[in-house]
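K.L.:
If you want the building blocks of each chain, they are given just below.
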Amino acid sequence: MANEKQQATIRTFFLPMSLNDSPGNVFCLFGHNQVVEILGPRPIQHIPHSPVYLKGVIHYHERLLPVVSLDDLCNGKQVGGPERYRQLVVVRTGSVDPLTGEPLKAVVAANARVRIAKLSGEELATAFKQGEAPSSLRNSGILRSFFQRQADFVALCDLGPVVRGTLEARLGEQIH
Amino acid sequence: MKTLFLMQIGRQLFAVDKECVVGVGVRDDEKVKPVEENGRTYLPLPHGNRAIICDLPALVNGSEFSPTSKRGHYLIVAHEENLMALTMSGKGRIVMADVAGALPLPPAFTGKSRELIPGALINCSDLILLLDLHSLHAAAGETAPSVQVH
Chain A
55 MANEKQQATI
65 RTFFLPMSLN
75 DSPGNVFCLF
85 GHNQVVEILG
95 PRPIQHIPHS
105 PVYLKGVIHY
115 HERLLPVVSL
125 DDLCNGKQVG
135 GPERYRQLVV
145 VRTGSVDPLT
155 GEPLKAVVAA
165 NARVRIAKLS
175 GEELATAFKQ
185 GEAPSSLRNS
195 GILRSFFQRQ
205 ADFVALCDLG
215 PVVRGTLEAR
225 LGEQIH
Chain B
771 MKTLFLMQIG
781 RQLFAVDKEC
791 VVGVGVRDDE
801 KVKPVEENGR
811 TYLPLPHGNR
821 AIICDLPALV
831 NGSEFSPTSK
841 RGHYLIVAHE
851 ENLMALTMSG
861 KGRIVMADVA
871 GALPLPPAFT
881 GKSRELIPGA
891 LINCSDLILL
901 LDLHSLHAAA
911 GETAPSVQVH
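Protein sequences appear in the order of chains A and B.
Numbering (my numbering) for the first sequence: 55 to 230.
Numbering (my numbering) for the second sequence: 771 to 920.
Certain hints may be false.
Straight-line alpha carbon distances no greater than 20 Å define the calculated SDA-like cross-link-like pairs of lysine to any residue that follow [what the hints assert, rightly or not]:
#1 A:K172 <-> A:A205
#2 B:K788 <-> B:T773
#3 B:K861 <-> B:L900
#4 B:K882 <-> A:K172
#5 B:K882 <-> A:G226
#6 B:K882 <-> A:L225
#7 B:K882 <-> A:L153
#8 B:K882 <-> A:A205
For the record, the hints were derived by calculation from the structure and aren't laboratory data.
Just need the whole structure built from these sequences, with the hints factored in.
P.N.:
So this is what it looks like as structure tokens:
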């Protein structure tokens, strides 16, 4: 019985976001199959001439992974520089490298601790109400869907365009 | 294996091909004053040469993080017909490295950043970014006049 209950819940990860144009708390939701690992603070190697939302790279299991700041991506922060993050969340993006065909991972920087919650299928179906996303998220080019859950807001994001390096082109298409 | 010149900027490590290195000079703006011409800054060198100054810390960290200290070292490198003076934190050092084992940047990095950093070497917990001098020169100033390398 307990096993059935355990199987019916899904572990989810709520990454706090800081959006300039949102009055409420906004979280980016990742499923348990997306999150590979949550790392503590570590040095991030900045790459010159990269967009402000790409904070640099870290070495992870013989690969270089891009570190993405969702806040900077949405808010369009214009200043770069060394920053420290509380946690770094390694996620599977579902995208593959167009050259090698390898699955692409990303590291999402979190300024505050990621919350982990076990949600039942019923809660996932009923507690999340479709909502209107703030314009910063709508125009980010990564928003899949946006929900309200009690007093909080939850965004589902697609990091594929970011890790494939096609986000700028996608945003350009949206503008024109 | 290839001989590289390793330089440190802040806490980050960069490497250039040793064959391109002309020398290392002490940075003392009081003694050797950089010269501004056509909006670009040059470091006067012996024999009437001069090198376009490339403020790497500003390039790496954003211009607002340009160091206020006017001391440190310059790495003088030759690229095609030009000389560049790269600002760095210490004196730098020569290392041997297997550049064939360099990791490429993730596809997320495109355009100028990919041209400037063709790859990175792993040394324990350190990442060493390989610098492409052609792209660096373009970043420092496409219109820098040529100088003779003696």
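K.L.:
Could you run down the list of hints and mark each one as holding or not?
P.N.:
Hints and how they fare:
1. For the given pair, K172 (chain A) sits about 18 Å from A205 (chain A) by alpha-carbon distance, which is consistent with the 20 Å threshold.
2. For the given pair, K788 (chain B) sits about 6 Å from T773 (chain B) by alpha-carbon distance, which is consistent with the 20 Å threshold.
3. For the suggested pair K861 (chain B) and L900 (chain B), the alpha carbons sit about 18 Å apart, so the restraint of at most 20 Å is met.
4. Restraint check: the Cα-Cα separation between K882 (chain B) and K172 (chain A) comes to about 43 Å, which exceeds 20 Å; the hinted pair is violated.
5. With a C-alpha separation of about 18 Å, the suggested pair K882 (chain B) and G226 (chain A) falls inside the 20 Å cut-off, and the hint holds.
6. At most 20 Å may separate the alpha-carbon atoms for a hinted pair to count; K882 (chain B) and L225 (chain A) meet this at roughly 18 Å.
7. Pair hint K882 (chain B) plus L153 (chain A) holds up; C-alpha atoms about 19 Å apart against a cutoff of 20 Å.
8. Distance check on the hinted pair: K882 (chain B) and A205 (chain A) sit about 43 Å apart at the alpha-carbon level, beyond 20 Å; violated.
Hint violations for this structure: numbers 4 and 8, all remaining hints satisfied.
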